[in-house]
Amino acid sequence: MTSTPDVIVVGAGIVGAACAHYAARAGLKVTVLDRGPVAGGTTGSGEGNLLVSDKAPGPELELALQSAELWRELAEQLPRGVEYEPKGGLVVASDEAALTALRTFAAAQEKAGVTVREVPADRLPHLEPHLAPGLAGGVHYPQDAQVMPALAAARLLRASGAELRPGQEVTGLLTGPGGAVRGVRTASGVLHAPYVVNAAGTWGGELARLAGVLLPVLPRRGFVLVTEPLPRVVRHKVYAADYVADVASDSAALQTSPVVEGTPAGPVLIGASRERVGFDRTLSVPALRRLAAGATALFPVLAGVRVIRTYAGFRPYLPDHLPAIGADPRVPGLLHACGHEGAGIGLAPVTGRIIAECLVGGQPPLDISPFDPARFEAGGGA
Amino acid sequence: MVTESYDLVVVGAGPAGLAGAGAAGQLGLRVALLDMAERIGGQFYRQPAAALGATRPQALHHDWDAFVALRGRLAAGRVEHLGRHHVWAVERDGDGGRGGPGERPGGRRGDGEWVVHAVVGEDGGEGGEGGGEGRRAVRVRARAVLLATGAYERQLPFPGWTLPGVVGAGGAQAMLKGGLVRPGKRVVVAGSGPLLLAVASSLASAGVEVPAVIEASGYLGYARHPRALAANPRKLAEGLTHGAALLRHRIPLRTRSAVTEAYGSERVEAVTVSRLDARWRPVPGSGRRIACDALAVGHGLVPGIELATTLGCATRSTADNTLALRLSSTQETSVRGIWAAGEVGGVAGAQLACAEGELAALAIAARLTKPGPYAGPDPRRPSGLDPGRPARVGQLLSRRARLRAFAEAMAAAHAPGPGWTDWLSDDTEVCRCEEVTAGRIRAAVTDEGARDARTVKLFTRAGMGWCQGRMCGAAVSCLAGDGQPPAQRRPLAVPVTLGALAAEGPGCGQEPSRSQT
Amino acid sequence: MSRRQRWSGREARVDGAARTPGELAGARPGPAFEITVDGRALPALPGQTVAAALWAAGILAWRTTRAGGKPRGVFCGIGQCFDCLVTVNGVANRRACLVGVRPGDAIGTQEGEGRGELAV
Numbered sequence: 001m002t003s004t005p006d007v008i009v010v011g012a013g014i015v016g017a018a019c020a021h022y023a024a025r026a027g028l029k030v031t032v033l034d035r036g037p038v039a040g041g042t043t044g045s046g047e048g049n050l051l052v053s054d055k056a057p058g059p060e061l062e063l064a065l066q067s068a069e070l071w072r073e074l075a076e077q078l079p080r081g082v083e084y085e086p087k088g089g090l091v092v093a094s095d096e097a098a099l100t101a102l103r104t105f106a107a108a109q110e111k112a113g114v115t116v117r118e119v120p121a122d123r124l125p126h127l128e129p130h131l132a133p134g135l136a137g138g139v140h141y142p143q144d145a146q147v148m149p150a151l152a153a154a155r156l157l158r159a160s161g162a163e164l165r166p167g168q169e170v171t172g173l174l175t176g177p178g179g180a181v182r183g184v185r186t187a188s189g190v191l192h193a194p195y196v197v198n199a200a201g202t203w204g205g206e207l208a209r210l211a212g213v214l215l216p217v218l219p220r221r222g223f224v225l226v227t228e229p230l231p232r233v234v235r236h237k238v239y240a241a242d243y244v245a246d247v248a249s250d251s252a253a254l255q256t257s258p259v260v261e262g263t264p265a266g267p268v269l270i271g272a273s274r275e276r277v278g279f280d281r282t283l284s285v286p287a288l289r290r291l292a293a294g295a296t297a298l299f300p301v302l303a304g305v306r307v308i309r310t311y312a313g314f315r316p317y318l319p320d321h322l323p324a325i326g327a328d329p330r331v332p333g334l335l336h337a338c339g340h341e342g343a344g345i346g347l348a349p350v351t352g353r354i355i356a357e358c359l360v361g362g363q364p365p366l367d368i369s370p371f372d373p374a375r376f377e378a379g380g381g382a
Numbered sequence: 001m002v003t004e005s006y007d008l009v010v011v012g013a014g015p016a017g018l019a020g021a022g023a024a025g026q027l028g029l030r031v032a033l034l035d036m037a038e039r040i041g042g043q044f045y046r047q048p049a050a051a052l053g054a055t056r057p058q059a060l061h062h063d064w065d066a067f068v069a070l071r072g073r074l075a076a077g078r079v080e081h082l083g084r085h086h087v088w089a090v091e092r093d094g095d096g097g098r099g100g101p102g103e104r105p106g107g108r109r110g111d112g113e114w115v116v117h118a119v120v121g122e123d124g125g126e127g128g129e130g131g132g133e134g135r136r137a138v139r140v141r142a143r144a145v146l147l148a149t150g151a152y153e154r155q156l157p158f159p160g161w162t163l164p165g166v167v168g169a170g171g172a173q174a175m176l177k178g179g180l181v182r183p184g185k186r187v188v189v190a191g192s193g194p195l196l197l198a199v200a201s202s203l204a205s206a207g208v209e210v211p212a213v214i215e216a217s218g219y220l221g222y223a224r225h226p227r228a229l230a231a232n233p234r235k236l237a238e239g240l241t242h243g244a245a246l247l248r249h250r251i252p253l254r255t256r257s258a259v260t261e262a263y264g265s266e267r268v269e270a271v272t273v274s275r276l277d278a279r280w281r282p283v284p285g286s287g288r289r290i291a292c293d294a295l296a297v298g299h300g301l302v303p304g305i306e307l308a309t310t311l312g313c314a315t316r317s318t319a320d321n322t323l324a325l326r327l328s329s330t331q332e333t334s335v336r337g338i339w340a341a342g343e344v345g346g347v348a349g350a351q352l353a354c355a356e357g358e359l360a361a362l363a364i365a366a367r368l369t370k371p372g373p374y375a376g377p378d379p380r381r382p383s384g385l386d387p388g389r390p391a392r393v394g395q396l397l398s399r400r401a402r403l404r405a406f407a408e409a410m411a412a413a414h415a416p417g418p419g420w421t422d423w424l425s426d427d428t429e430v431c432r433c434e435e436v437t438a439g440r441i442r443a444a445v446t447d448e449g450a451r452d453a454r455t456v457k458l459f460t461r462a463g464m465g466w467c468q469g470r471m472c473g474a475a476v477s478c479l480a481g482d483g484q485p486p487a488q489r490r491p492l493a494v495p496v497t498l499g500a501l502a503a504e505g506p507g508c509g510q511e512p513s514r515s516q517t
Numbered sequence: 001m002s003r004r005q006r007w008s009g010r011e012a013r014v015d016g017a018a019r020t021p022g023e024l025a026g027a028r029p030g031p032a033f034e035i036t037v038d039g040r041a042l043p044a045l046p047g048q049t050v051a052a053a054l055w056a057a058g059i060l061a062w063r064t065t066r067a068g069g070k071p072r073g074v075f076c077g078i079g080q081c082f083d084c085l086v087t088v089n090g091v092a093n094r095r096a097c098l099v100g101v102r103p104g105d106a107i108g109t110q111e112g113e114g115r116g117e118l119a120v
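Chains as they are written, first to last, in this note's numbering: chain A, 1 to 382; chain B, 1 to 517; chain C, 1 to 120.
Because the hints were derived from the structure by calculation, they are not lab data.
Do not take every clue at face value.
As the list claims (entries may be wrong) - Straight-line C-alpha distance at most 20 Å; calculated EDC-like pairs for lysine to aspartate or glutamate:
id, chain 1, residue 1, chain 2, residue 2
1, A, LYS55, A, ASP367
2, A, LYS111, A, GLU163
3, A, LYS55, A, GLU69
4, B, LYS185, C, GLU113
5, C, LYS70, B, GLU209
6, C, LYS70, B, ASP427
7, C, LYS70, C, ASP38
8, A, LYS87, A, GLU110
9, C, LYS70, C, GLU111
10, C, LYS70, B, GLU4
11, C, LYS70, B, GLU269
12, C, LYS70, B, ASP482
13, A, LYS55, A, ASP280
14, C, LYS70, B, ASP447
15, C, LYS70, C, GLU113
16, C, LYS70, B, ASP93
Values in this document were obtained by computation on a predicted structure and should not be read as measured data.
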């Protein structure tokens, strides 16, 4: 061990990498621990969606908008090879009812700062020549982008200059007078630091438990289908918005189909399903069928294309579907940066910035109270 | 989708599957035997296509009489052979995939049914407008499944191994047995393992000049296991037969050597053979060139266990650093109701595969016909075997023990040495599908912190292509330096068209097709 | 059966002792038919795979790789490696070692992913 770091980041996924990057940029000395390798958890299973299109106005959309800007900056700063593509998203509606709902949704997003461009039915083939005929129309979201998550995490970590220690599982948190964090314990010893950042993703709840606090992070399984390598057949991130009216509750919600997109490496990615089944990787044929049916409904040409791989990942989610970002008021020195559900790749940079500001006592770039890590404590927090 | 139901589905129509299906059929079970090929036989008993009219197929094979016997038993029982069925997954029925092994600690969550998913066609379905074949998805239901999916060849890359004319040793053998063709007129046979002798002997008798057989191990390794050798006179005779064939054709066998480079512009024209030290590092200055127009190369076999790993079946590491299924004394995997036989339990050849297939059939028949609590494995007197045939069971058990011991000795003798990666130059392509070089993989390890095969794959795409790491898996694991056998996790065991997957719902799809044996 | 022929053995014997695989197995295939490879006519036998017909004609490569444009053909020979992918009658990515030849088949060298017509 060299000298004591200013901050220990637990988790070498994309969120941990972003926290390390912005903390190091703020002048802090950072050590990153992970029980596995870089991008060994949810990051390594992610598709790399950087989406604003799927978010309703609210705190998560604010995060996404800021993060989209930060990703654009990072793509310029990082060495080549993170496969950043500002390709834009295209959400399509199959009928007039769905289109009406999509328009309403997009109009609200536009008020919140999202760039939206309605695409009439006859213009859809210009954006996506292989789209199924007969769609009612769509909305183009130029701010949606894509990145290769594992490479992005690795390059971001490397660029940060942080010390990386893979294969080191944290087994306990060291605390001092007043319960303040003083470091972590691992199988190979102890590491001291005045701050510990929980960027353990789906396993963030377990780390919180080591600190004696509740953070109910749960896994939500998703399968992704990967096709044979193809030339570019899909230009944008494309998915269908289907209108679902719940008459009983008089509420309306948008239901989306799987995102279909091409990649620079060749395969088309189709993902991802959503199931709450715990940490179970067992193959689910019904989940694969839904993905395949959704993708071929949008792009009939894909029916004859072969899927060569499928894999499962676990999105870390919290009961209100918002992440936990910021200092834990219950444990001085402990900060959380986890529970981003399916948006972790997209929201990583803004999460890293918020954490860095919290560490140096600066002003976070937006109101972070909705992400208060203590909000699930009985009685409404500390 | 119309789904046929059987007592037992056997996946794979090689020696293990044929023995299992035949025995189960004779015990009165209703059996479906699925295989990707049109005709039965698997790789070991691969038959020439019927239309080639081979009147002496036995000339290409060792122990053809055994195959004739297996074929006869198959015809006598209630076995339905479903050829051209490419099985892509086996799933517990009715749980939507949520029945992970962890949820059945007692192993008594009912003896439920299994659904075997397959796509039908020569190639498992072609894409494009011309091919409706790929959309032919079928499901076959069964009370028990016997996995007899065999093995494929392990490859260790070297500079020039992607040149046309460099083919797998097993591949050359398969093309010879099935298509009656050869890759060249002067073919070097190289790599490691007993298959090389069989391949050289077949090629030579089919008119090919074989300038040398290059074996990386020393056959002295077998001497460390005298008891396994002495107990297996038939195995030794098999080796002697091939050895005699080499002598007859005047083919030199060079041990402790490897092809460390292949040359050629349009196709292979020559290879360099280098001597190896004990760790398989090429000895500097020992390289000698051999002119040839093809090279047949392979380093033993890798069990094809992806259907089982997707179900959560436990695995074990073998003496030559592959993963095989961990099996009970009655050939059952760690997942109740899924049995396995042959190479999937550790590569050991056709004779053991036949014994294991038959043992599995006896155990399955006992389970399905006499329901009752499973007494648990006992290595000396396994329960769950048909008590009506004690003599046969005893014979099979002792044959299995003897042949397994021989296989372990063989695997240890031919295990790749750690120094082989020294013959990889940085510009050698390791992943043939994604064209990823050894240099790129080494950079991921040294510069980007990848310490295991999965991370190397994420960073470099090695193993992400069409073959899903089957060809480069051993090499990537070695270069990543984690010392682990390559993981065999492929939730889709074969490619499936999106159209076929989308049709996987109730009420769609078509009936399975039957075809000739 | 009368139309079945004895194995012709297109290649000359190396010496008196050597044989062709067809002679060895006593093959009596049905009458040969014609296929085309990149427009060139070639004979093929019923029962052969695309790969076997091409090997019999001395052709070892029928695909070029996506990145390097390198020639490839059969490698594993048993449908596991996907190196022998080829375009048959306009359909790309068929495994030549598994797909049988039929009279009149048009085999085409496959470039890259073989689906250039889909590019947008």
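Q.
To test your reading of the hints: which numbers does this structure violate?
A. 2, 4, 5, 10, 12, 13, 14, 16
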